[in-house]
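K.L.:
Sequence:
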Amino acid sequence: MTSMTFSLRRMARKLNWRVILQVLGFAVLFESVLMILTMLVVLIHKETAMVRALGITIAGTGIAGFLLSRVQPRKKNHFARDGLTVVGLIWLVLSAAGAIPFWISGEIPSYVDSFFETVSGFTTTGATILTDIESLSRSAIFWRSLTH
Numbered sequence: 082m083t084s085m086t087f088s089l090r091r092m093a094r095k096l097n098w099r100v101i102l103q104v105l106g107f108a109v110l111f112e113s114v115l116m117i118l119t120m121l122v123v124l125i126h127k128e129t130a131m132v133r134a135l136g137i138t139i140a141g142t143g144i145a146g147f148l149l150s151r152v153q154p155r156k157k158n159h160f161a162r163d164g165l166t167v168v169g170l171i172w173l174v175l176s177a178a179g180a181i182p183f184w185i186s187g188e189i190p191s192y193v194d195s196f197f198e199t200v201s202g203f204t205t206t207g208a209t210i211l212t213d214i215e216s217l218s219r220s221a222i223f224w225r226s227l228t229h
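For what it's worth, our numbering labels the leading residue of the sequence shown as 82, then goes sequentially.
Hints are computed from structural coordinates only; laboratory data are not their basis. Even for Gly, the Cβ is constructed at its ideal location relative to N, Cα and C. Some clues are possibly wrong.
With beta-carbon atoms standing in for the labels, derived distance ranges [what the hints assert, rightly or not]:
| id | residue 1 | residue 2 | range |
| --- | --- | --- | --- |
| 1 | Q153 | I125 | 34 to 42 Å |
| 2 | H126 | Y192 | 21 to 29 Å |
| 3 | K127 | L148 | 29 to 37 Å |
Given these sequences and hints, build the entire structure.
P.N.:
In structure tokens:
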């Protein structure tokens, strides 16, 4: 075992994981609310492909977010390392979940491309894999604009 592995394990034990998970849960719940707004656009424009994709994702993020937000921290104090960890996890988890509607609906056929598009949106880099954004359904464009 290298000293770096030992150091990472020791640092991970020092993190306030309950606070991190609770904050992550609230962020995932917020993303599910944004997806519910997108579902309203889906219903208004009667875009059936996105109904299933968003429904599955809303259910998954809603349940996961609710369960994680219910985690009760044993200690309320938190440090910079907890904040850095939670920001990194939020970025990863919200991007992974945010890519699911594009992928399931077939708007973007590859999950990797969907993930790239969502990460690009959440990080506001402006990069895209799409050559013709207007070819997406209105609800997919709406969801994409929420991530940007």
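K.L.:
Would you mind marking each hint as holding or not holding in the structure?
P.N.:
So, going through the hints one by one against the coordinates:
1. At about 39 Å, the CB distance of Q153 to I125 agrees with the hint of 34 to 42 Å.
2. About 24 Å separates the C-beta atoms of H126 and Y192, a value consistent with the hinted range of 21 to 29 Å.
3. Between K127 and L148 the beta carbons are some 33 Å apart, a value that agrees with the proposed interval 29 to 37 Å.
When the structure is compared with the earlier hints, no violation turns up for any of them.
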